[in-house]
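Residue numbers (our numbering), protein chains in the order written: chain X, 33 to 358; chain Z, 793 to 1118; chain G, -11 to 311.
There may be inaccurate statements among the hints.
Beyond 10 Å from chain X on every Cβ pair, some chain Z residues (computed) [stated by the list, open to error]:
id : residue
1  : ASP808
2  : ILE862
3  : ASP897
4  : ASP979
5  : MET1008
6  : GLU1013
7  : ARG1060
A short, non-exhaustive set of chain X residues, derived as facing chain Z with CB atoms under 7 Å [claimed, not checked]:
id : residue
8  : THR40
9  : ALA130
10 : GLN231
11 : ALA301
Keep in mind that the hints were calculated from the coordinates and are not lab data. The beta carbon of each residue, even a glycine, is placed where N, CA and C say it ideally should be.
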Amino acid sequence: MSAYVEVTDLRRRFDVSKPWLNRVIEREPRKFLTAVDRVDFAIEKGETFAIVGESGSGKSTVARMVVGLLPPSAGEVTITGVSMTDPRQAAARRRLRARIQMIFQDPYASMNPRWRVGKIIAEPIRAFALIQGEGAIRARVSELLGLVGLHADDARKYPHEFSGGQRQRVAIARALASQAEFLVGDEPTSALDVSVQAQILNLMRDLQDRLGLTYLFISHNLAVVRHMATRVGVMYLGRLVEVTTAKDLFAAPRHPYTRMLLDAVPDLAHVGRARVPVSGEIPNPIDPPPGCTFHPRCPLANDRCRAEVPALLDGVACHAVQEGRA
Amino acid sequence: MTEKILSVRDLTVAFDTRRGPLTAIDRVSFDIHRGEILGVVGESGAGKSVTGSAVIGLIDRPGRIAGGEIHLRGERIDNLSPEAMRRVRGRRIGMIFQDPLTSLDPLFRVGDQLVETLRTHTDLSAKAARTRAIDLLAEVGIPAPERRIDGYPHEFSGGMRQRVVIALALAAEPELIIADEPTTALDVSVQAQIITLLKRLCREHGTAVMLVTHDMGVIAEAADRVAVMYAGRVAEIGPVASVITKPHHPYAAGLMGAIPTLSQEADRLSQIPGAMPRLTAIPQGCAFNPRCPKVFARCRVERPEPIPVEASRVACHLYDAAERAV
Amino acid sequence: MSGYDLDAGDAPPVPLPEAAPSHLARWRNSDLLANFLRSKVAVAALIATVLMLGLAFASPWIAPQNPYDPAQLDLINSNLPPIWQADGQAPYYLGTDDQGRDVLSAVLYGLRLSLIVGVLGVVTSGILGIALGLIAGYAGGAVDTLIMRVADVQLTFPAILIALVVDGVAKASFGSALDVGPLIGLIVVSIGLSFWVQYARTVRSSVMVEKGKDYVQAARLIGLSSPVILVRHVLPNVTGPVFVIATINLALAIITEATLSFLGTGLPETMPSLGTLIRTGNRFLFSGEWWIVAFPGLALAGLVIAINLLGDWLRDALNPKLQ
């Protein structure tokens, strides 16, 4: 039986060419940035699937394609068997839309600054016509505010009267307003301070237990991912390089990039640790290296890695691992 | 004990607003010794960056130093004229900011900026300054420095730019470096490289470093001692290992518990209720008292002064001998 | 409260201000008001503008004469100087013109007409510019290119030239014997077509910033259509700069109307605006009847300066970069 969310061969190219006139005058060809390349994964109902990666890895682009904010260049996303792109399933998709919500990174930008919080939370309820009557909507808003640990009176305040953590609670309340069961969090805590981050992470886990939510959790912070995820996909330059359970990933990382990343994270347990710094930086995604995009930084790279793109086999996309060299 | 480079005593910074002065930094005291890295950590609004700006005399109006003294190698610098302070900056105090692009002029070659800094603060000839600049670039780990010295900032990657900024900060052999979130804008794998570099250079040159960051992981790896700030005050200051593994102040303890780590998987993160107070509403007594799990009557009326506890100094009534005797 | 209380988590350590403040209270506490009260020039400009607005719209009741009513004009009283000169007589405080029309009354009525035309012109150009700017900024691509290229072309023609062309075309098609109502409409359209570009450009760039923000994405996520998102979410957040432009453009629109009337393509002598008054008065400048042109001129200058100062202050107050 198919999973709750299925992502198959997802790709996204962005046109980053200069304007037509400049291209003609400077005799430059069109330029494309491949942000996401051949990404496959599945999310089971009730689990937290995390995508972790550094800047330019394409993790946020994947998130935006999954919720349907961005059309894929190729490939498909299906949620409960409904395609997010197929025009023949538009009616089913409209019904599905209420059940998919997103929590954004910046709690200061994710709300209309001129609206009171009550109106912000009620907007999805009204848009999907879930509850009739002002009184009933107001009651539901109060209930949602209580659910995320805010007070019912907070509905009358404006977003700027809240701290970042409180705003992220409002964002979660709004996401839940349409009875969503699948939440995509795009770095939902990376703009928050650590003590507030802990509150939001705990809240998300509590809500998951209580309401049976399914999460797609995008983050660059490995420690946060370890805390939240049941399964993890590691992305590097638009490709998934490793997909496995959180337990296995942190206990026994297999892809050289994952290992490097885990070794590089500054962590509380590393007081005064002398480290072997990893070499190199992420290449320009407009002009990525051929073959395995990680090969210029990889200690295990050989000629095959420089020429051939490794496929994701058994949860890892690495020639060295597949050949038993790692 | 090694030589004291920076000594800050009862530093108070106030911002004059339409509704009266706001105290952003309230009687903060700390020392940094030769070759030592002092981490200053805190959540947003704790006043860590303002402290850094006060030390280098870059508090912009309507802010002002409202009290206390800052000594650089025994010489008082908080009351210097802007002109004299300008000479101290760059020559005796180097600066590294979060965004390397703010420290580098995009219109000038990297080498020209280094040579200019060297010639302003030392009596090297143009030729000698260029040789020294190449040495500096090599020292901060820029490959092929004799070629890269003629590059413009935009030709460098983020990590390489931050290396150039470090070279600039070190150019005049300052006694003290203020690094304000030097790794925050960088990717995880590059962060580690920059931390390692900063640590090595300060050991070799005997430079004292004030490392301002919100990232406890960075502090854990880089700092020798750490000051935890809360609402403009120092809650706890002590050796990094002790503050991280055995924090005394309830805020420091809560903060450490709230940080997810790679090494252990906690089901729930410990969380501190509430959020840091705004400057307009700092509570009476201990600023942390409304969020503190161990609060008692005295905390609500009397502000705790830092008292020695083991190797640290902790501003908490719990550790007052009179309280412990009870 | 529901039974879902998970934890008191983010309950503020210090009780936040009790009830949510009303719009009025927010405005009273805002920095904008404080900034305004501190700027003496802005306060003076506002007082002058409001005063002139009040005088203009009260003119049917306070003016000694209705200058549009030929029955009230008496040639016996023609060319009287202002009251403080030897031949001056009440109630013609600022003198009369060659038709015996009271200059003070003509200025008051003219002020009203100029303001009506100016405000309508600003509203027309504003609606046109904001709509095109919203569409260009939100749609992007070819639509954006088309609208903005038209705007570029438009900008290469001076506003007054466009107004003259529109005026000429309309008069050629409808004949020059237009009624006053349609004539005002014509001038308003001319002004609207000359001044929309600035709104469109400003709104477009604000929209391009706002549409990338997450709250717009969040609105897309619940399936709202683009027009709904534009009107409900984007428009209210791009209005700040529009007000500044509108204020400054009000002064420009008034001047444009005056220029058109001065050139003879605006409002007729039977229903004079400030520009018409200046045109007719101009003829008497050299025969010594200076008051016929001077007082309408002063009124126009005063109005335009006051509105401009107000607009300048508003621009500075709303632009955080200048503070």
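Comparing the hints with the structure gives:
1. ASP808: holds, 22 Å
2. ILE862: Since the minimum Cβ distance to chain X is about 27 Å, Z:ILE862 lies beyond 10 Å and the statement holds.
3. ASP897: About 23 Å separates Z:ASP897 from the closest Cβ of chain X, which puts it past 10 Å; holds.
4. ASP979: With a cut-off of 10 Å, Z:ASP979 comes too close to chain X, as the shortest Cβ separation is near 4 Å.
5. MET1008: violated, 6 Å
6. GLU1013: Label violated. Min Cβ-Cβ 5 Å, cutoff 10 Å.
7. ARG1060: The assertion about Z:ARG1060 is violated, with a minimum of 5 Å to chain X.
8. THR40: With a minimum Cβ separation of about 29 Å from chain Z (threshold 7 Å), the hint on X:THR40 is violated.
9. ALA130: violated, 30 Å
10. GLN231: holds, 5 Å
11. ALA301: Because about 4 Å separates X:ALA301 from the closest Cβ in chain Z, which is inside the 7 Å limit, the hint holds.
Consistency note: the structure conflicts with the earlier hints numbered 4, 5, 6, 7, 8 and 9.
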